[in-house]
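Enquirer: First to last, the protein sequences are chains A and B. Be aware that the first sequence starts at 130, since it is given in my numbering, and climbs by one per residue. Be aware that the second sequence starts at 39, since it is given in my numbering, and climbs by one per residue.
Calculated directly from the structure, the hints in this document are not laboratory data. Cβ atoms here follow ideal geometry from the backbone N, Cα and C, with glycine treated the same way. Hints may be right or wrong, so weigh each one.
[Said to hold, decoys possible] Partial selection, computed: residues in chain B whose CB lies under 8 angstroms from chain A:
| hint | residue |
| --- | --- |
| 1 | Asn90 |
| 2 | Phe128 |
| 3 | Val147 |
| 4 | Tyr151 |
| 5 | Gly153 |
[Said to hold, decoys possible] Far from chain A by the CB rule (all over 10 angstroms, computed), these chain B residues:
| hint | residue |
| --- | --- |
| 6 | Asp68 |
| 7 | Ala123 |
| 8 | Asn134 |
| 9 | Ile136 |
| 10 | Ser156 |
| 11 | Arg223 |
| 12 | Gly246 |
| 13 | Asp256 |
| 14 | Ser261 |
[Claimed, not checked] Derived contacts from chain A toward chain B, CB cut-off under 7 angstroms, selection only:
| hint | residue |
| --- | --- |
| 15 | Thr131 |
| 16 | Phe132 |
| 17 | Lys142 |
| 18 | Ser143 |
| 19 | Val146 |
| 20 | Pro148 |
| 21 | Glu460 |
| 22 | Ile463 |
| 23 | Ala466 |
| 24 | Gly468 |
| 25 | Ile566 |
| 26 | Asp567 |
| 27 | Arg570 |
Listed below are the residues making up each chain.
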Amino acid sequence: MTFFLRTLQLGIKSLLVHPLRSLLTVLGIFIGVASVIWLLAIGEGISRQAQKQIEGLGADNIMVRSVKPLRSNDQEASFILPYGLLREDYFRIVETIPTVKSAIPIREIRCELSYRDRSIDGRLVGCTPEYADITKLKVERGHFITDGEVKLEQNHCVLAAKVAERLFPFEEPVGRRVYSYEYQEFYQVVGVVRDRTPTAAIGGSLEAQDFSSDVYIPISTMRKRIGDTVVLRRSGTREGETVELNQITLRVDKVANVLRTAQLVQETLEPVHGRKEDVKVIVPLELLEQARTTRMMFMVFMGLIAAISLLVGGIGIMNIMLATVTERTREIGIRRALGARRRDIIRQFLVETIALSVLGGLTGIAAGYACRPFVAMLRELMMHNTPTLMQSLPEVVRNVEPQVVPFSIPLAFGISVVIGVLFGLYPAYRAAQMDPIDALRHE
Amino acid sequence: MKLAAKLVDLRKDYVLKGETVRALRGVSFDVPVGDYVAIMGPSGSGKSTLLNLLGCLDRPTSGSLFLGEDDVSKMNDNQLSRTRATSIGFVFQSYNLIQQLTVLENIEVPLYYQGRLSKESRERCRLLAEMVGLQERLSHRPSQLSGGQQQRVAIARSLVNDPYFILADEPTGNLDSATTEEILRLFENLNEMGKTIIMVTHENDVAGRAKRIVRLRDGKLQSDTTLREGPAQSRSAESASAIEEIRAAIGSDSNKAL
């Protein structure tokens, strides 16, 4: 221990012989380490924004849908087919899976809706207030379904923009009532949502969804007024089905947990629906993949730049240490004469480079943490002085909030130490290989 | 009689630009414990080569060199380092102190490479510094000392590992005559209390202070003259008290060759 401390003390003393030179060497590593942390933090910040956008597309959603099974022979007798998700399933999922942030039960029925002499072929969607949020519906007039309406099972509905346009071309829809001939029900319009472009099908896992003919009512109202059993008339035959829920949309707490959660959902549903194969868990795989790729792309890109700056810092260290070795040739000779083995000389020079790079690493980490306030300050400054330039930047860049990636701290520090050893090894080796006689003669 | 060093037909060849230079061509002599030998010779006579061999900085091409009981001519680099750290005390013409270390730390360096640093060893270094008259300068850097003082530090350093012999290479070459006298007296005192000294010099006055002069010429022993047996100089009262001081500093049981 004393020996090690002594070596360290000696190293520091030797470094202090040339304070400016040592400082500049530290600066090289400092910049390298700080830039690793900074670039990774900024990369993470940008990638989080990009991820948020991807999440906006529904990357953190899992959809569990009822699937109508093919009719088997033994069910021929009964013309009403029960299948799909049960309310019980919904509660089981919500209560047993902790990563589920929210879950929305959805029931959809196609039916004709009319107002006076106008009618449309619409889709009646029974849902809860969160539905608007999860499908990114924006209310234009009135309000979306509320908790109160769900609780009181009120005959209220919210119209999609297209529906409102067709049923109420000249009137204000809010406050009117639309009529369903099939179910002999009136629904009072309480809101209209803004037109939402249909979602495109993303890869193979998410189907395109068209919201234009939707009429939203509280799911409780639908259950009470219409019930689970629906009879379809189709080209002379009558078919019926009993479905409690068409879909449960789950929102997972983190994108990273989506796949695991989907697995859990699958397992939860397995005992009831496994044999019937009447439910399907849909994961937005392509979106997840895209989110991951975006993140990786940024990390790799930023990491690469940072690695280059560390390399430059490392070469700086090597340069300085080689100069130091030449300059201290005589000291090396003295030490060898006084009994230092080759490895003692190597150790001494290595300790010095490591001390330099560790110091650079530590200060670099401190500067790394200053990334967020510094970027905020820079933004403020640029907003003030060059507002047009700022405006021309893409939003993702303009609003970036650097996130110090936890692993970047040990990574940067580790790399700085490794660089110290790696780039210090050669000069140290050169020092150790010197012939003590020549070294002593060196002026 | 115990020997501090024994040279047996020591030869050393160098290959310079394809040509073999025979620097030492078979040199043999003994250095008994307590001797004070001056090695002399013109330049090119092989005295530097001999010094390097004696200092275990180099290996002979053939022949043997015994330090105490050990034949160092067959040792590898690590063993030679170890021998230098434990058994040889170097004193150089240009002092060769380490600039960034203090006086005390400079004295400690050989112990550091033996891994023998401790409170006691530090105390020992302090006593040695005191012995060479530098008790007031323990935390000074070499650049703050005069040439004579620096050489005193070097002498203290050469004693710290309790060596078989002190190997001095032109120890007074950079000093004025007054300081030369001081340093030579210090050597004499050390010799009187039993320390073996091998000194390379080209100055006759300096060599004349030794007990014995070994002259080299063309890589061979030219002459080996014993100037005096026993105590080097008539003891003055001053040097007697100095010897007592040194004895106290080093400790009577410290000289392994005694």
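Enquirer: Okay, which hints does this one fail, numbers in order?
Expert: 7, 8, 9, 10, 20, 26, 27
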